[in-house]
Amino acid sequence: MTKNKKTMTRRERVVAALNHKEPDRVPLSMSITIHAYENLKQHLGIDLKEDLNPGRWTEVPIHPSVAEKFGLDVLWLPTGKAHKKPRQSNDPDKWYDGWGVEWTKISLPTGGYYNEMSCAPLKDATIEDLEDFDWPDPADPGIVEGVREYYKHIHNDTDFAILTKFGGAVFEQAWYLRGMEKFLLDMVENPEFVEVLLTKIAKVQMGFDEVLIEATGEYVDILRLSGEDMGTQENPIISLPMFRRMVRPHLEKLWLYAKGKLLQKNPNAKIMLHSCGAVSSFLPDWIDMKLDVLDPIQPKAKGMDPFGLKADFGDKLTFHGGIDAQHVLPFGTTEEVREHTRKYIKALAPGGGFICAPVHNVQGDVPPENLVAMRDAVEEFGYYPINL
Amino acid sequence: MKMEDLVKAVIEGNAPVVSDLVVQGLNEGLKATDILAEGLTPGMSTVGDLFHRGEYFLPEMLFSAKAMKGGLEHLETILSTGGSDALGTIVLGTVKGDLHDIGKNIVAMLMKGAGFNVIDLGVDIPVERFVEALTEEKADILALSALLSTTMPAMESTVKAIKESGLKDKVKILVGGAPVTPEFADEIGADGYSEDAPGAVNKVNELLELV
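Just so you know, the sequences run in chain order L and R.
With the first letter of the first sequence counted as 1, position 226 gets the number 238 in the numbering used here; the numbers rise by one all the way through.
With the first letter of the second sequence counted as 1, position 59 gets the number 49 in the numbering used here; the numbers rise by one all the way through.
If you are wondering where the hints come from, they were derived from the structure by calculation, not from laboratory data.
Mixed in with the good hints there might be a few duds.
Claimed, not checked - Quick list of in silico lysine-lysine cross-link-like pairs, BS3-like style, CA-CA up to 27 Å:
#  : chain 1 : residue 1 : chain 2 : residue 2
1  : R       : Lys160    : L       : Lys194
2  : L       : Lys135    : R       : Lys59
3  : R       : Lys193    : L       : Lys314
4  : L       : Lys194    : R       : Lys56
5  : R       : Lys56     : L       : Lys135
6  : L       : Lys106    : L       : Lys93
7  : L       : Lys194    : R       : Lys(-2)
8  : L       : Lys273    : L       : Lys33
9  : L       : Lys312    : R       : Lys193
10 : L       : Lys135    : L       : Lys215
Please read these numbers as outputs of a predicted model, since none were measured by experiment.
Make the full structure from the sequences, and use the hints.
In structure tokens, the structure reads:
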């Protein structure tokens, strides 16, 4: 019996899934926050000292040896940090990112902390102020420093598929800069401001894509274009006509640029959008905008039934994600995790086009046992042919 | 001033017209309570329905809420001198450890628009602050918000603390936010749950037996 036998390397498995071909087994991917990562390492008995430098969302890169022991097929690689230091705060719990957004470290009842945006630098800005704003500089040499060498090492010396993010969100970055309520109101009462702001942000993000694709493109398997959350739990944040009128032109230009440049470096590479929430009504537009991979298929959001999505869009989109972070992973039993993972494999895996992953950076409230249960379920149910 | 014009202007989010019509109504001798109950409230209630049905989205709802708020400002001094005009007092906030507020803010706006006295404590609110405000304001409802799975335990401990305090029989507790489910609400002993902001207003009406 050939079932449950790996016949592909990790990268081959991922590339097959991305090309809508059935690999030997459903690939597994994951991003994780620092506290959950430390818990997982301890649970797996990995004694590895790392100088972890969490990102804005307290997420950390997973070390290849941890990814190997846990059983991931995809590694999410970081990029360099700008040499120009962001503005400093006198408050030890506050800090600024490269866009000038103020963040505050907030202690969590479950232990550890989370970074939350606490002040939007453009909250009172006018169109004229946007000209003088201190935008991040993609030409900062720190952005690409050491990056090519590291990506090349992972590509040549391991068989992990490489997932990364360079220039990020446009719509979402706009409300980080403006404040969410203010920006959403701008979309109705101040569309000229929105147009200039999105243009400015997209230009910066395109600059990051340009220098980093140039440095690493041939090693990248999946380029994540975002966090570009377009959905709430119940509905899209903005209507489809508003998206088409005000947001799509900026994203389309950026995505097509990034994809075009990436494909010149690696003809097999794919572009992925992360967009939380109830976003199914946007999918035809995103497909039309040449999107390859959709993340995360948020199970508890309205209209995100995996069987329906696979039937409607499975020939066009690869799905990355599926494993619920709002209930199953933090609060479910290992048996619930197993059943949930089985359901998503059953729905999304046939014919390829599915990379199983938690729908969000795994948070500190997720027991490592549940992550292991997810991995074990992929091992138990994820071998092709899928017959569940 | 025709009430239907005021209702329409709220639905369209036309702030200058809402403001003008409210002032005009007051000048014509209409009662502030009637302008609220027959103009602003039905306007915002329709906006809530449109949102719930997926015809309005957050930008349109915020736009209407802003217009409603402008109109309400003309009425607030008159209404508050009247004392007991409000349908009830609601204290709301996002629980300890959670800084997210757009959902809570929209609930607050819709509650105001529906004629409630709303005390919005803000975000990252410890249990003691909720207890203090509920006692001071003699509130009828506590509405708690959380966006993160990691702050849901703070929601649970807040509900527990209220239920164990002398406020148990005086205050009904409503919970909401993206990861919150009706099952979780039941489990932690909350009195009500809603999946969205318009539903929260209906739930409060139900809990206070106003419908």
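Hint check results:
no. : hint                 : in the structure
1   : R:Lys160 / L:Lys194  : violated (36 Å)
2   : L:Lys135 / R:Lys59   : holds (20 Å)
3   : R:Lys193 / L:Lys314  : holds (21 Å)
4   : L:Lys194 / R:Lys56   : holds (11 Å)
5   : R:Lys56 / L:Lys135   : holds (17 Å)
6   : L:Lys106 / L:Lys93   : holds (19 Å)
7   : L:Lys194 / R:Lys(-2) : holds (23 Å)
8   : L:Lys273 / L:Lys33   : holds (24 Å)
9   : L:Lys312 / R:Lys193  : holds (22 Å)
10  : L:Lys135 / L:Lys215  : holds (20 Å)
Of the numbered hints listed earlier, the single one contradicted by the structure is hint 1.
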